[in-house]
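Sequences listed follow chains A and E, in order. First residue of the first sequence: 1, per our numbering; consecutive thereafter. First residue of the second sequence: 1001, per our numbering; consecutive thereafter.
To be clear, the hints were calculated from the coordinates, so they are not data collected in a lab. Every residue, glycine too, gets a C-beta built ideally from N, C-alpha and C. Everything hinted at is true.
Straight-line Cα separation of at most 25 Å, DSS-like style, residue types lysine-lysine; simulated pairs:
| hint | chain 1 | residue 1 | chain 2 | residue 2 |
| --- | --- | --- | --- | --- |
| 1 | E | Lys1083 | A | Lys7 |
| 2 | A | Lys11 | E | Lys1083 |
| 3 | A | Lys329 | A | Lys307 |
| 4 | E | Lys1077 | E | Lys1091 |
| 5 | E | Lys1025 | E | Lys1077 |
| 6 | E | Lys1083 | E | Lys1007 |
Estimated spans, in silico, between C-beta atoms of each pair:
| hint | chain 1 | residue 1 | chain 2 | residue 2 | range |
| --- | --- | --- | --- | --- | --- |
| 7 | E | Asp1018 | A | Gly154 | 33 to 39 Å |
| 8 | A | Pro91 | E | Lys1025 | 17 to 23 Å |
| 9 | E | Arg1022 | A | Gly339 | 54 to 60 Å |
| 10 | E | Lys1108 | A | Ala268 | 50 to 56 Å |
| 11 | A | Gln33 | E | His1020 | 43 to 49 Å |
| 12 | E | Ile1097 | A | Pro111 | 33 to 39 Å |
| 13 | E | Lys1025 | A | Gly154 | 23 to 29 Å |
| 14 | A | Ala265 | E | Ser1120 | 49 to 55 Å |
| 15 | A | Gln105 | E | Ser1120 | 30 to 36 Å |
| 16 | E | Lys1080 | A | Pro79 | 31 to 37 Å |
| 17 | A | Glu285 | E | Gln1122 | 47 to 53 Å |
| 18 | E | Gln1005 | A | Asp204 | 43 to 49 Å |
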Amino acid sequence: MPVTDPKEILKGERLAISRALTQIENSTQEGYQLLEELFPHTGKAHLIGVTGAPGTGKSTLVNQLAYHYRRTEGGEKAPRLAVIAVDPTSPFSGGALLGDRVRMQDLAGDPGVFVRSMASRGSLGGLAAATANLVQVFDAAGYEIIIIETVGAGQAEVDIASLAHSTIVVEAPGLGDEIQTIKAGILEIADILVVNKSDKPGADHTLRALRSMLTLSQPHPEDIAHHGPAQQATQPTNDLPSSLWSTPVLPTISTIGEGFPELIAELANHLDYLRTSGEWQRREEKRLKNELEMLLRDTLRTRWENKISATKYQYTLDRVVTRKLTPWKAVQVLLEGAGL
Amino acid sequence: MGDAQEKIRVLIAKAGLDGHDRGAKVVARALRDAGMEVIYTGLRQTPEMITEAALQEDVQVVGLSILSGAHMTLVPKVKKMLKEQGLENVKLFLGGIIPDEDKRELEKLGVAGIYGPGTSTQVIIEDIQNACQ
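Take these sequences, add in the hints, and give me the full structure.
Below, the structure written as structure tokens:
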């Protein structure tokens, strides 16, 4: 396999992009070299996360969203758009069945759209370890919108919120009562909430429950001012309109494309809000901090692995198993054994 | 940094207009259980769609399932289009009911494996693993 030229990626050559994605996903040396070259060219794309429980219609929604992005711009040039769709890896075989493309047939044949399926490869949290790195390839290659679809997420898979600029949480009617809506977790990370399949019975109820949940957590600007000087000290009055984002709840029917012009309008609003409130900068910093920390952790782990002998590790483990050593003490022994 | 890990990536596509996808799903599932990453594209894929998906997913293998009898039209077209896109290294496998004389011709064309009804999935798995070494 020939080595991929980063210049080809920056020019948007699809074969070069595709091969680079594989190298980076496989954590090869070539992959890391490519990331080194590409990083200075990143930071321009709007990263949109799409998450939600299995079967809520995430893939179909992504299909319609991308389709509408490519068409609703009127006379304007439609944005180039990449989709990264993550599906779970089997913990038993290490294999994966990546089926998101089945729902994305409307995007076929459009040279301005690049869809890449990705297996989670053992990561928890709804994304794969290399997802953030694949995003950088598309970003550097000039894709203006990058949609990241997580694995079907339950309540705690919230990694997407630290990767995406705008997170869409997809719900469907009939998945739980109001108490589900005030639990911690996935609903908290939504910048935009979508009730998909809103032609199904119970959709009104779900919309109402979600909206009422949001009024519990998102005070209106005037409510904050109402609470007087203590609040105003941290939230100066003149910042109020732009510094607060109130999560909209939108109904969609992805199978027929209903509600998508509205969803795209809200995404534009959110992007506006991010830019004018300084939140964009804050999220970028948080995202890069996250990446840096993960990298640091992985690097430390690899260094440690290279320094500790397998027999020493096994011996320590055996002593923990026979209750001669506590796990906490064992960690110390193993770190000291590696000179750390 | 994480250790390098490589997985065999396979695209499974139902080419043409027949809707019989049980075989394709059985094979997709078996390959998944053999530790491969299987991209399943669903029904009624044109050669253009298959080539585009193979390009975007950077697969080593494309598995076509054709039960409509159109294999002598579809397979050469897919083969040609893959080559045009710079994907001549992608191995092409075919499942379906393929007469012997067609089989010989398709093999001459460079199809890496052709499987009829009753083939053990283990045979397909091993052939793919060998082809990707």
